[in-house]
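Start counting at 1 in the first sequence, then tack on 13, and there's your number in this note's numbering.
Calculated directly from the structure, the hints in this document are not laboratory data.
Among the hints, erroneous ones may be present.
In silico lysine-lysine, BS3-like type, Cα no more than 30 Å apart, as pairs [to be verified]:
(1) 74 to 18
(2) 125 to 114
(3) 172 to 114
(4) 18 to 114
(5) 76 to 18
(6) 172 to 18
(7) 76 to 128
(8) 114 to 128
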Amino acid sequence: MSWLKRDFFERDVLEVARDLVGVELVWNGCSGIIIETEAYAVEHDPACHTASRPSAREFVKSKPPGTAYVYFNYGMYWLFNLLVKGGPRDGLILIRALEPKRGIDVMQRRRKRDKLHELCSGPGKLAVALGIEGAHHGTIMAGRGRPPGCGLRIPSDSKHEVVTDIRVGISQAVDFPWRFLSRHSPHLSVKHGKVKAPDVKAPRRPE
DNA sequence: GGGTTGATGTTC
DNA sequence: AACATCAACCCG
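Just need the whole structure built from these sequences, with the hints factored in.
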């Protein structure tokens, strides 16, 4: 049982996203096994923040691999990502679901839910459960500078059948098969990725 | 079950 | 205006 080091995040973003399934995310007294991730690539991926946000490009440029990229979405939820950098493809990996392990009572209180499969079965949910907020943007999660309470650990008994799927909840590059999940886990977020149907209520383009 | 909707605020 | 979400609510 050892902490992931910085070089884990110095590889191709898809490889890292797949390898994170089965890894324990440890966060200030709470933890869970990562069972679902999504990869976003810095280059040639319209769904990645770097495609539209200068601040995200600056983050990638200035931070070391293994740094937490935390942002606020839909006016309500913090989403937790990890920076991959220094391999063939740089990117950000969204942590989408955990199997709760440690600090379950604390997570139940924060989530106001008792059932284990409702604690961390989604990226917004797991941030609430772990107590992740904007102040944690930039937390170093591997290598030198990592706070003692936070990190990524390889469990001794990691047995996961990793399945690939398309990414969830986006409207750009919807068909990239860059979602990775542990098959049959009861702690996943949504069941299957689906290509969004055209929105009939979308405003028509003026003549 | 599945589909729909409102809550909410940051970024560009 | 769009947005890497969630839970409550409807209907059946």
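Verification of the hints:
no.: 1; hint: 74 to 18; in the structure: 20 Å, holds
no.: 2; hint: 125 to 114; in the structure: 17 Å, holds
no.: 3; hint: 172 to 114; in the structure: 15 Å, holds
no.: 4; hint: 18 to 114; in the structure: 21 Å, holds
no.: 5; hint: 76 to 18; in the structure: 15 Å, holds
no.: 6; hint: 172 to 18; in the structure: 21 Å, holds
no.: 7; hint: 76 to 128; in the structure: 37 Å, violated
no.: 8; hint: 114 to 128; in the structure: 13 Å, holds
Comparing the model with each numbered hint stated earlier shows that hint 7 is the single one that does not hold.
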